[in-house]
Amino acid sequence: MKNPNEMQNKLARRIITFLLGILVFTTLYPVYWLFVNSFRHTEQIVTGDTFGLPNELYLGNYYDAIVNRGVFRYFTNSVIYTLVTIAFTVVISTMLAYALTRMKWKYKKQGMSIAMLGILLPSQIVVIPVFMLMRTVKLVDNPVSIILVVSAFNIGISTMIASGFLKGIPYEMEEAAVMDGCGILRLFFRIIFPLLKSPIAAMSIYIFLNSWNEFIYSLVLLSSDEIKTLPLMLLGYSTRSGNNFGGLFAAMVITSLIPILIYLFFSKQVEKAISASAAMK
Amino acid sequence: MNRVLGSKRNILLFCAPAAILFFSLVIYPIFHIFYIAMQKTDGISYSEFVGFQNYVQLFEEGYFPNANWKSLGLAIFATFGIAILGTLIAFLTCGLKTRIQHFYKTSYLIPFVLSISVISQLWLSIYHTEWGVLNKLLDFFHLSFLKTSWLSDPSTAMICVAIVGMWWVLGMTILLVYTGIMSIPVSYYEAAKIDGTNFWQTTRYITYPLCKNIIKTCVIINTIGGFYTFPQVYVMTKGGPGDLTMTVMMLIYREAFSNARLGLSSAMAAVTILECIVILVLINLIFRDQEVEY
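Residue numbers (our numbering), protein chains in the order written: chain A, 1 to 281; chain B, 1 to 294.
Simulated from the structure, these hints should not be mistaken for lab results.
Be careful, since some hints might not be right.
Said to hold, decoys possible - Here are the simulated EDC-like pairs of lysine to aspartate or glutamate, each with C-alpha atoms no more than 16 Å apart in a straight line:
id	chain 1	residue 1	chain 2	residue 2
1	B	K97	A	E6
2	B	K193	A	E6
3	A	K104	A	E174
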């Protein structure tokens with residue numbers, strides 16, 4: 001499709017293309033540098049030529065990260081927490097969305113506004129009371145805490161995304177199901193839930209990014225080394241392993257690999273999920 | 001139908017899990033902050049009701065006003081350097097050839113999918129005095145006299161922290177505005193083209209007015225986000241040199257979790273919540289004249 005809003009003035013367009021190209025370069029170059037440095041020996045990082053390609057594909061950094069530092073364990077932790085958070089949040093917030101859009105009761109509107117309120121709140125501001133609450137229920141230093149916190153902060157957005165979609169479904173299906181004597185749980189999980197594929201994909205991506213990259217609550221709530229996540233593992237990596245910057249770069253690449261792959265393969269969906277979530281604010 | 005969808009038991013069953021979690025971890029903590037702020041407590045062994053004494057102490061000690069100014073500075077930087085600049089970039093990107101547009105748009109967003117922990121570590125290396133890419137770049141262009149230890153030099157530390165946040169979320173802002181522009185019906189642009197308008201005119205009279213709402217959203221997200229800057233500071237400078245890059249969130253974290261003064265830091269959090277409400281009201285006032293129809 002031809003872009004109807006294209007700049008007609010060729011010279012102006014070329015200048016803008018060039019200037020924005022510089023911006024793209026400054027966006028991509030640090031990421032490129034990160035990947036390249038993960039294949040360089042620390043000595044080469046510190047003394048060698050920063051700009052060129054590495055003269056050999058040095059894999060010692062990955063060895064250091066995986067074997068000496070046990071990155072695999074943090075990786076597993078991150079994967080498990082993220083998957084559980086996504087599954088849990090998707091189920092409870094689609095249920096809430098269903099109750100708020102399809103069921104018949106008085107305070108639906110108010111319920112929706114309260115959920116909206118949660119989207120506006122920057123999550124880090126309540127770190128102290130949440131920490132105190134987690135200590136009262138003895139969940140500090142327990143992975144359950146971080147799963148609950150990240151879920152709670154994604155309920156608002158997920159509910160909004162799901163309810164926008166639910167409003168468009170015709171009532172006939174539910175009517176037919178109820179006629180056949182279908183209970184509410186079967187009605188929801190067998191008939192409604194499978195229809196929600198696209199909003200569930202959007203919110204899963206959004207929750208994935210939030211959960212995988214979660215920083216401040218993990219920092220406060222997870223203190224034992226065995227249950228830490230990838231972003232926490234990076235803290236103090238280089239000092240612990242005797243200024244092994246190469247290993248640090250390898251660990252950073254391992255931390256970023258899944259989000260980057262997801263973005264490269266599903267860039268349309270990721271963009272949709274991020275802009276849909278912001279449109280709700 | 002109503003028997004199933006109107007039954008109190010079913011409604012409760014569907015609302016309860018999310019509602020309980022949401023109230024106990026999002027809504028209740030907001031109010032709890034104001035309650036903790038009235039106590040002198042380390043959160044474990046003792047707590048004593050002191051009324052508004054924490055608020056008085058907050059302003060007497062001087063840490064908080066300092067951090068507050070730093071955070072407000074970051075918020076203003078984020079408003080202009082991220083929200084407004086991102087909007088302009090999105091507008092300009094729309095004037096490019098379609099294929100370049102798609103490539104640029106995809107590239108902008110890459111930093112946003114990375115963990116802020118990775119980003120901070122990465123920029124810590126970029127700013128590194130001896131082997132950071134920034135100083136090497138200056139060497140390369142024979143500008144070695146500009147070289148400095150970016151994060152410990154008082155004159156550059158703050159702007160360096162701000163730039164990391166910008167690198168992180170600028171792409172998200174561009175994407176939001178870009179999506180907003182793409183949702184404007186193409187027919188408007190075609191009609192404008194028949195009238196013989198150029199790119200700058202369509203941007204001024206069609207794109208900008210129809211994107212005002214999304215721009216407002218971007219300003220809100222970025223201003224509040226900039227105000228609560230935390231991970232970059234925690235990873236890169238821990239508030240130093242001195243207290244030069246100490247933001248409110250970093251100070252709240254330090255007072256609560258290193259100095260065990262939970263009452264005092266809750267009072268800080270309470271003050272920042274009120275400040276944010278003021279900021280929100282201001283932004284809404286600025287963007288007041290809304291609703292354009294064509």
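Taking the hints in turn, this is what the structure says about them:
1. B:K97 x A:E6: With Cα atoms ~7 Å apart, K97 of chain B and E6 of chain A stay inside 16 Å; holds.
2. B:K193 x A:E6: 10 Å, holds
3. A:K104 x A:E174: Holds, at roughly 13 Å.
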